[in-house]
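Enquirer: Residue numbers (our numbering): 2 to 252.
Since the hints were derived computationally from the structure, they do not count as laboratory data. No experiment lies behind these values; they were computed from the predicted model shown. Treat the hints with caution; some may be incorrect.
[What the hints assert, rightly or not] Within a straight-line C-alpha distance of at most 27 Å, the following computed DSSO-like cross-link-like pairs (lysine-lysine) qualify: (1) K62 - K127; (2) K7 - K71; (3) K176 - K207; (4) K240 - K42.
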Amino acid sequence: MERLQKIMAQAGVASRRKCEELILEGKVQVNGETVTELGTKADPAQDMITVSGKPIKHEKKVYVMLNKPKGVITSASDPEGRKIVSDYLKGIKERVYPIGRLDYDTEGLLLLTNDGEFANLLSHPKYHVPKTYLATVKGVPHGTELDKLRQGIMLEDGMTSPAEVEYKDVDPDNKQSVISITIHEGRNRQVRRMFEAISHPVLRLKRISYGDLLLQNLKRGLYRHLTADEINQLMQMAKAAKPGGNPKKKR
């Protein structure tokens, strides 16, 4: 059971405040009876809710993982006419929104949903869900330089949280290396700025995991729906990571 105005807002009737006004004006009915109390609760799966005589539509919740290509905007539109992530979601009727962002030049795992509470849980800074990237950087950073990232490094917007960092590959001929880095924040261009701070700029960046969710072999430009278990695991991880939460040991 949920508050009526919340159900209406989630169904796209109007903002929650406007939905409250509609209730107070006597324009909302639940199972044929007019409701004017803001504390009224209903079950959207069982109750018939109408606004001005028209039944509200309950949009199906959608949770999607996209392997975002490089050169794509994480936005609903782009005035410059560049490709946007929704161009790769033609099979999805519902309107979904990205959880966080990936830069234009960054590729990899991007989550999209129409579930606002789920999106807020994963993207809010206080929940600290870990995200792992493969960064191809210029040169080969010394261990002491990577230790700076492990300890937290000062950027123009403050000190970062400690990151998990390890070498994955070194290409001495092209004078570059591939490094795995896991961060627990979501600042703008954070990974790129962290490597710039140790004088090893990023040449290519790919997100390969979000919490326990792995990109694995999903091809570039394709998407898949998350399973119920994956959705639940992400939610539990976020709640456990919240300050004061009670994280469970991983099996």
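Enquirer: Work down the list of hints and note, for each, if the structure agrees.
Expert: Structure-based check of each hint:
Pair hint K62 plus K127 holds up; C-alpha atoms about 24 Å apart against a cutoff of 27 Å. Between K7 and K71 the CA atoms are separated by roughly 37 Å; this puts the pair beyond 27 Å, and the hint is violated. A C-alpha spacing of about 19 Å is found between K176 and K207, which places the hinted pair at or below 27 Å, so the restraint holds. Our distance criterion of 27 Å between C-alpha atoms is met by K240 and K42, whose separation comes to about 25 Å.
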